[in-house]
Amino acid sequence: MSQGSLLDKLNVLALRFEEIGTLITDPDVISDMKRFVKLNKEYRDLEKIVFARNEYRQVITGIEEAKTILETESDTELREMAKEEWENYRQRLPQLEEEIKLLLVPADPQDGKNAIVEIRGGTGGDEAAIFAGDLYKMYAKYCESKAWKVAVTGFSEGTIGGFKEIVFTVSGDNVYGTLKYESGVHRVQRVPVTETQGRVHTSAATVAVLPEAEEFDVEIKESDIRVDIFCASGHGGQSVNTTYSAIRLVHLPTGISVQCQDEKSQLKNKAKAMVELRSRIYNMEYQKYLDEIASKRKTMVSTGDRSAKIRTYNYPQGRVTDHRINYTIYNLPAFLGGDIQGVIDQLIVAENAERLKESEL
Numbered sequence: 002m003s004q005g006s007l008l009d010k011l012n013v014l015a016l017r018f019e020e021i022g023t024l025i026t027d028p029d030v031i032s033d034m035k036r037f038v039k040l041n042k043e044y045r046d047l048e049k050i051v052f053a054r055n056e057y058r059q060v061i062t063g064i065e066e067a068k069t070i071l072e073t074e075s076d077t078e079l080r081e082m083a084k085e086e087w088e089n090y091r092q093r094l095p096q097l098e099e100e101i102k103l104l105l106v107p108a109d110p111q112d113g114k115n116a117i118v119e120i121r122g123g124t125g126g127d128e129a130a131i132f133a134g135d136l137y138k139m140y141a142k143y144c145e146s147k148a149w150k151v152a153v154t155g156f157s158e159g160t161i162g163g164f165k166e167i168v169f170t171v172s173g174d175n176v177y178g179t180l181k182y183e184s185g186v187h188r189v190q191r192v193p194v195t196e197t198q199g200r201v202h203t204s205a206a207t208v209a210v211l212p213e214a215e216e217f218d219v220e221i222k223e224s225d226i227r228v229d230i231f232c233a234s235g236h237g238g239q240s241v242n243t244t245y246s247a248i249r250l251v252h253l254p255t256g257i258s259v260q261c262q263d264e265k266s267q268l269k270n271k272a273k274a275m276v277e278l279r280s281r282i283y284n285m286e287y288q289k290y291l292d293e294i295a296s297k298r299k300t301m302v303s304t305g306d307r308s309a310k311i312r313t314y315n316y317p318q319g320r321v322t323d324h325r326i327n328y329t330i331y332n333l334p335a336f337l338g339g340d341i342q343g344v345i346d347q348l349i350v351a352e353n354a355e356r357l358k359e360s361e362l
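In terms of the numbering used here, the sequence shown opens at residue 2 and continues consecutively.
Source of the hints: derived by calculation from the structure; they are not laboratory data.
Certain hints may be false.
Cut-off 25 Å, straight-line C-alpha distance, at most; resulting in silico cross-link-like pairs (PhoX-like, lysine-lysine) [claimed, not checked]: (1) 165 / 138; (2) 142 / 310; (3) 39 / 102; (4) 68 / 84; (5) 49 / 35; (6) 269 / 150.
Small disclaimer: the values here were computed from a predicted structure and weren't measured.
Build out the structure end to end from the sequences listed, making use of the hints.
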């Protein structure tokens, strides 16, 4: 794409940015919450493009001015300064063009949402449940390092530790866009605590990351929901375990069932369960989009197909391997301690390259 056509495209988007800036102050738009939220998101996305456009214009102008000075000036000091500026701008231009092209590729509209994460112990029995617990601790520590809020909504403990299943929500900035790469089968190779012969076993746990649906994303009729109330169990403490505070919601048209026992209050548990129920219903439709991109992007294959093995954690070698991008690190303790950003960054780079290729900008 030539500089002229790229600038033309950016100028059109800058006009749209100004138009939205006016619209989001209109009382009629503000009163329509669904439209207002949608326009606000578009405004924030376009703001990044407008900033990049302003820098792009500045760089192009800087190159032209520096060239003019080099062609017309005889003053040595001025020419030296112009040459340095020209060199800096010339190096910045291709980087900026790549950044702009990436900004112009439509992102997953769900990326900015909070996430619901579900970890289930897979093959391997007790050891799989322990590994599911290890993965939960890993994500909890990672979220803590990002200043994201984690809230467990339901769990089923393993016989000798860990979790057969644990579901939790993560709230913060661009949570789903970051954690979505974790969906798939995680495999562990280590000597289980139950193994007396010291043999290495292979176990697995499945991670599913769903974007949390907003209230206006999906409408659910009260008449379509069955509410079950029961006693909570597990880490809640005496008062939780002896009161009927846990809530199960069953969506009758789809058969989707969710439950929450995290809070002492029945109302709070119902509110959390409703968020998860909305998200699961919303994700039935969103899954079609995931299946569509799964064949195009190796980074997202596991999100489209959650049976795909995405990563192996090998204890004897202290190794973590992400199979989608053939990326290996030899720092397993730090990785399980929540230091997973490096792998996520590599996956983002790989996906961005695939997105650019798709768009042919």
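Hint by hint, here is what the structure shows:
1. 165 / 138: Holds - the C-alpha atoms of residue 138 and residue 165 are around 14 Å apart, at most 25 Å.
2. 142 / 310: holds, 23 Å
3. 39 / 102: Roughly 23 Å separates the two Cα atoms, so the pair holds.
4. 68 / 84: Distance of about 8 Å is within 25 Å: holds.
5. 49 / 35: Measuring from Cα to Cα gives roughly 22 Å; hence the hint holds.
6. 269 / 150: Cα-Cα ~16 Å, so holds.
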